[in-house]
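Residue-level listing of the chains:
2 protein chains.
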Amino acid sequence: MSESSTPKHRLGPQRNPEIDAAVLAATRALLIENGYAGVSIDAIAKRANVGRPTIYRRWPSKAHIVHEAVYPVLDFESAPDFELDGTVAEDVTRLIEGAVALFGDPATRAAAPGLMYESRTDDDLRKVLVTDQLERIRAALALRIQQATDSGELRAGVDADAVLDIVAGASIFALSVRDVADSQRLAASLVDVVLHGILAPDP
Amino acid sequence: MSESSTPKHRLGPQRNPEIDAAVLAATRALLIENGYAGVSIDAIAKRANVGRPTIYRRWPSKAHIVHEAVYPVLDFESAPDFELDGTVAEDVTRLIEGAVALFGDPATRAAAPGLMYESRTDDDLRKVLVTDQLERIRAALALRIQQATDSGELRAGVDADAVLDIVAGASIFALSVRDVADSQRLAASLVDVVLHGILAPDP
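Same order as they appear, the protein sequences are chains Z and X. Counting in full-length UniProt numbering, the first sequence runs from 1 upward without gaps. Counting in full-length UniProt numbering, the second sequence runs from 1 upward without gaps.
Please keep in mind that the hints were generated in silico from the structure rather than gathered at the bench. Heads up, a few of these hints could be off.
Since the list can't tell identical chains apart, any single copy or any two copies may satisfy a pair.
Claimed, not checked - Result set (SDA-like, lysine to any residue): computed pairs, CA atoms no more than 25 Å apart in a straight line:
(1) 127 with 156
(2) 127 with 35
(3) 127 with 183
(4) 62 with 184
(5) 62 with 179
The shape of chain Z in the complex, shown without the other chains (with noise of 0.2 Å):
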């Protein structure tokens, strides 16, 4: 099944922009209102108004619907975009603001806890909504840790797939979970203790 790793080009020239434009519009809107419980083909198909088969041509499952409806930045081919010219802390900084933005979007909030459980009771779709994105993210974030870890900028021996578990698991775990108001205060204590750590430095 290796067209359903690359749904967005599945159908070529064929595809409507304006259909995949309502169908995700509407499954933002049914996230927000009813959670991810309360999204399925029927009711996206309903406020779309389109037909289920239209729908079913262009996405194999809800769960790809709601990925693509909610992460749309993740769709670029590129990596994350380090600015290589500035500091690892500016890198870090934006990395983590950009989580927590993603994270806190309301119908993100709705699907993020979602996706990871339905992630986990299907390989096929654990591979188009987890492991690639994940992967060219964890690459370039591994490199640009490396770079700067040489440059002298970061300690020794930090593990960058660490980096990545705190600024994914606890934007998600904030805002899904906790349901953390305020994502601007998030952000900012999570680059706090991300670039600084919690110990007072030696006197």
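The hints should help you fit chain X onto chain Z, whose structure is shown.
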């Protein structure tokens, strides 16, 4: 429905601990074999060799059973076991190691995203599964961070909630989403970033 927030005490002396243990063991086995989606009251009843009504007299839903099966440590009424005569670095290290051990258990890896998802769909469930227990841990951590800030062990202004989001969120993301195998390295990396941050100290 105040009863459902204290399911363990609803039936008092009538409860048979052997049946409870059989149901919880069956639930853990099903989680490991089939994931959260593969757990149902029917499957638990069959595996534990008890009737469905026996289960429903004890727990209001599958999610409540799964929660009790994978988060036994959170059932204590007490706060986390901070040793107030130790250093805060030791306490935070133990907190992170405890979280990684808890969320790294095979049944918990399967259960955590499903419980996060279900907790967003049902306010009563959310209160039982998330709010009450998390609030206790959150309050204890906030107190410990405040004490260590006052004593000068920590930098001023460390946000205890961000530490909680990192400890729980990064653990769940690494163990349930990325399926990290080496929990020991994960715990050490998280401790390293949380205590010391990633930036090199000022020269």
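May I ask which of the numbered hints given earlier this structure violates, with the numbers listed in increasing order? 1 and 4
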